[in-house]
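Taken in order, these protein sequences are the chains called A and B. All residue numbers for the first sequence refer to my numbering, where the first residue is 41 and numbers rise by one. All residue numbers for the second sequence refer to my numbering, where the first residue is 41 and numbers rise by one.
Incorrect hints may appear among the rest.
Copies of the same chain look alike in the list, so a pair counts if it fits in one copy or across any two.
Distance condition first, Cα-Cα at most 25 Å in a straight line; then the derived SDA-like pairs of lysine to any residue [unchecked claim]:
(1) LYS380 / ILE138
(2) LYS130 / GLN679
(3) LYS606 / ALA561
(4) LYS161 / GLN455
(5) LYS381 / LEU397
(6) LYS258 / THR107
It is worth saying that the hints were derived from the structure and are not from the lab.
There are 2 protein chains.
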Amino acid sequence: MKQIPIIRIIAGILLIITGICAGELPPLNLMPVPAEVTLTGDRYLLDAKFTLTVQGPPSSRLGRYATRFLRRLSGRTGLFFPQDFITPAKVSDSAQFIIKYERLGQIILTEDESYRLTVGKDKIELLAPTDVGAMRGLETLLQLLAADAGSYFFPGCKIKDAPRFPWRGLLIDVSRHFEPVEVIKRNLDGMAAVKLNVLHWHLSDDQGFRVESKVWPKLHALGSDDMFYTQVQIREIIEYAAERGIRIVPEFDVPAHATSWLVGYPELASAPGSYAIERYWGIKDPTMNPVREFTYEFLDKFFQEMAMLFPDEYLHIGGDENNGRHWNANQEIQAFLKAKKLKDNHELQRYFNQQVLKILTKYGKKMIGWDEIFQPGLPQNIVIHSWRGYNFLAEAAQKGYMGILSNGYYIDLIQPAEYHYLVDPIPADSKLTDAQKKLILGGEAASWGEIVTNETIDSRIWPRTAAIAERLWSPACVRDVESMYDRLETISLQLEELELTHIKNYEMMLRRLTGREDVTALRSFVDLVEPVKQYDRHFQGVTYTSYSPYTRIVDAARPESMTARKLRHLVEGYCRTDNRLELDRIQQMLTIWHDNYPPLQSVIASAPVLKEIEPLTLAADELFQYGIETVEYLKTETQPSAKWYEDVAEILRRAKQPAGQVELAVVAPLEQLIQKLRD
Amino acid sequence: MKQIPIIRIIAGILLIITGICAGELPPLNLMPVPAEVTLTGDRYLLDAKFTLTVQGPPSSRLGRYATRFLRRLSGRTGLFFPQDFITPAKVSDSAQFIIKYERLGQIILTEDESYRLTVGKDKIELLAPTDVGAMRGLETLLQLLAADAGSYFFPGCKIKDAPRFPWRGLLIDVSRHFEPVEVIKRNLDGMAAVKLNVLHWHLSDDQGFRVESKVWPKLHALGSDDMFYTQVQIREIIEYAAERGIRIVPEFDVPAHATSWLVGYPELASAPGSYAIERYWGIKDPTMNPVREFTYEFLDKFFQEMAMLFPDEYLHIGGDENNGRHWNANQEIQAFLKAKKLKDNHELQRYFNQQVLKILTKYGKKMIGWDEIFQPGLPQNIVIHSWRGYNFLAEAAQKGYMGILSNGYYIDLIQPAEYHYLVDPIPADSKLTDAQKKLILGGEAASWGEIVTNETIDSRIWPRTAAIAERLWSPACVRDVESMYDRLETISLQLEELELTHIKNYEMMLRRLTGREDVTALRSFVDLVEPVKQYDRHFQGVTYTSYSPYTRIVDAARPESMTARKLRHLVEGYCRTDNRLELDRIQQMLTIWHDNYPPLQSVIASAPVLKEIEPLTLAADELFQYGIETVEYLKTETQPSAKWYEDVAEILRRAKQPAGQVELAVVAPLEQLIQKLRD
């Protein structure tokens, strides 16, 4: 829908690419970039006569997908297409868009997701071995939609595509903050749009047990504050995901991260109860008792129930971050250690895991768990989920074990998209053999839920997760950060049509904070800040609980300031080229921000909740003034006094201090500009 | 949260009002306005030590309501309150805010919803006979929240409040367009915020049957395109509504408006099948057969099932708009008419209704239906729902029948809030006796669903429905339109915290149409337009179906342009006072709009879907130019030529033509300004 690519298409009409790694990226807003793209220079003009047909073994699933495709196309273009619902019964040979597939795909790790898409002048054809592959191709076609002044069209092309990795996931933690059914559904739609295929559902932790259990009903009844999914809802979501070619891998974290289990069943615990649902964050002591028979009887019944509820062949048992305190303090456990000649708690946890593995195997499930579960002697169908990093995965692969990566993909750490984008599950310098590389199945973006609510979760997941999705689908050579950001901007807008709130909740949250509909002045400033990074938010004098307000500026602010990025580009451009035009544009930006100071102060003066950012607005404004002066000095090729440099150093120091747990994202480029002046 | 009221509170510190009708409205953002408000001049300063307690017979329902109250307060203020979940077990006498109630309210028509709220300097007290009344009071307190530069506070006051009418409803039509569970839930939250207490759920019509039926499963299986509520979901929503003191009255429209029933059960029909789900809008021919025994056997089983599913004592049978065509064409039906000596189709429908009434009575339900069901001999516990108007209700009341009003409250007709606001179920000049007036139970805003999707429904319902809610709750004397609009602006923002999308989907839709994140230029124009009124949208050459795109400018545009309202005020002010300052502000507005023309054209040139509004943007811009000239002539007290007046008349004519089914809302005030020049 953006103009730029079209112009580039026209200019690049004779550009032929076969195999993405052979040449430059095609000028198309595709994310993830397909394995092979050939542009033909043709155009398929889209009008209100557009029809499609689905050919293959009857799949109402694909019919519904194609129907949604039509609605989204219609929604963007305002075209009144003649078709209502695409059903297996309504097959036509005269449709302009023909979707053909050979068999119904299974929603399993190894399924074929490849497709071929040909956009001709009068005809579009999508071929795939499975209906799941056809779904992937439909998303590609939607991304291809372009426009000129007169009409909408699809650029003529031949695309041959298949994923690099078979496990491309998103972890959503619904324990720390519960996320209602519709939040999960719209994120499944977002995942499908960027070809992710695994929802890793972190369903239990210290702060909440989120699934209805019929065999152990006190789990959800006492462990969830009444915020849990019924089994009917779980099935509904599994079905919803399957309709989009997405697996659901449930995680029940054991033996630690389990306070919420112990509220209803304190007899599971290693220390005497009673237990209450945890309200604070961090690694907690409560841990299941690994030496009592009851624990395994309990888990046997529990996993039997969950194995029936969740159809995926994998079940995630967590297994991470057991601090061992309650084990150390329990004499029965210590006696067991001695009796069984177990060296330490790690060996005891191995013992525990082996029992759990037996249970899972009994109920037909394969085990996946965090790094900590890895131990010699495990069957080779388990999967190691690494929060520690590639080296750990490589080590496991060398021993013949499969793994997936989440280290580098923790999106709750509020890092820029490019940071995640450049993390590769198999780095270019990997020493693994090809066979070993095959054991690295992919990765998962991880949206941990401590500081995320249903209002903010979409903006924490999107659009950055689309960059991770590209890493996991596209050929490894696709690493052009600038191209990624260009395309991400468009994809982010398209994700809105799936009801994702990552853009629209931004101003909504600012409206609530100010009590005003017009948030121009406040937004102009918040566009320049980012939440503090990593886990810093928990170490700045604010103690968060599960029921704290996650509605402040730090929660509204986007993880990555695109305005700061733009300034950085201008400054870098100027430093490289000494181009005066760039200096003019920098000056223009700084002047706008500086002029915004009085209206911004007036907003802050009327909303006490904004007081916390006041020091930063002041420091920022002083920095903008010095920035404007810097531009003047550079233009006039004069030097300020030594005193000026002293003053600016002090201002930079102050502008680097976070306030209200946000930091000013434009400090670094301005510092660079000042450095340029000094040089 | 707005500054203005606070200033007004300070200024009006000694203002004492007892009984709203005795004086001017209190300077508070309350909607609906309570029956009695006394301002004390005190302030309760809100800080992070704020706690509350609930005293009364254990009600986890009210505990949950109070918990949500705390979260909303915390969300707006960023204050970290110490309480997690309010449960009946946790009662304290030392809380600053004490909620006391006497008994659990029933979710029925006649329940007591009154409350008394006292905000003192150090203490807040909410007293109510029922927990439902306490819920109403909690919403009032949330609306009282105000702020100055330093802190949040509640203005000291004594409020004594109770509703004027016991039936204050919102009709949501989920047949024409299905609305997912979360849409219903967030609208129930919005209803509770403005003290509405009935969701009238229009669950079946020609275009879709939306409830799972276990006794007649082909109803939902073949009549819904797989878009229906399961019985589990229905129960979940009924429970959700009850938790907010809201009744749910289901409507199953019979014998007409019933095509979707006939898809699965053509044997119910008056004309031979087969039937398909209706895709077009309007009054359709398919009608149930009123002379076959099967019809009543079917309805008996069906209503038995629905009577069990829906706990409310009322069940709405529709009964409207039977065009009689299929009855006329059916010989069996005609023979029945003769045999039973029924004069016409109206008498036949009476016969049908009597059979249905017998069924409802058998299953313990009272009947409500549209005007058409009214007939002599019906029991007096039925309710007439009038789409025709007050006169019809008055006639029924004189005969001893109860009624509710929807005429004047059809919010799908895209009228301004003030239009609905001034419609009273019992007009001031009513000739009814007091006893007869009591039979008029209230009214319902009606959100018919033809041109409404889950993306746009909130913006069609809110904020205008809040004005109707005030009409139905507040004393009849509360009719100050300016005050209503002032308060509506604030209430509208507060409704966003309930996840309603009426504000945030506006720019989202513009982003989709343009494919750009920055929609400033387009929004500046769309702020000035409104969708065409009444049912005009269906008579302008566009044929809509249930699957047409409802994503165009006409769908994004708000029902009521607040910018146009502002211009109208300025022009009226100037015409009244000849104040030059107002002329300056008019000129400023016109200049901004005129300057917006080039960027607007550039947006339109890149998005073919916007082409349809191009003629209106052109006419508007010419009008703005003439408007600027008008201001100049007025300022210089000179007169333009006769030719100028001819030209401007032509431009006004063109600016009045809708384009893309929107109309320019600023034409009338500009015409008034030109008239002022002429005079």
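Here is what the structure says about each hint:
1. LYS380 / ILE138: Classified as neither: same-chain Cα gap 65 Å, cross-chain 58 Å, threshold 25 Å.
2. LYS130 / GLN679: For LYS130 and GLN679, the Cα distance exceeds 25 Å both inside one copy (76 Å) and across copies (68 Å).
3. LYS606 / ALA561: This pair counts as both: shortest intra-copy Cα distance 19 Å, inter-copy 21 Å.
4. LYS161 / GLN455: Neither way: LYS161 and GLN455 sit 43 Å apart in one copy and 46 Å across, limit 25 Å.
5. LYS381 / LEU397: So LYS381 and LEU397 pass the 25 Å test inside one copy only (21 Å; across, 79 Å).
6. LYS258 / THR107: Answer is between: at 22 Å across copies they meet the 25 Å cutoff, but 42 Å inside does not.
Of the numbered hints stated above, those contradicted by the structure are hints 1, 2 and 4, listed in ascending order.
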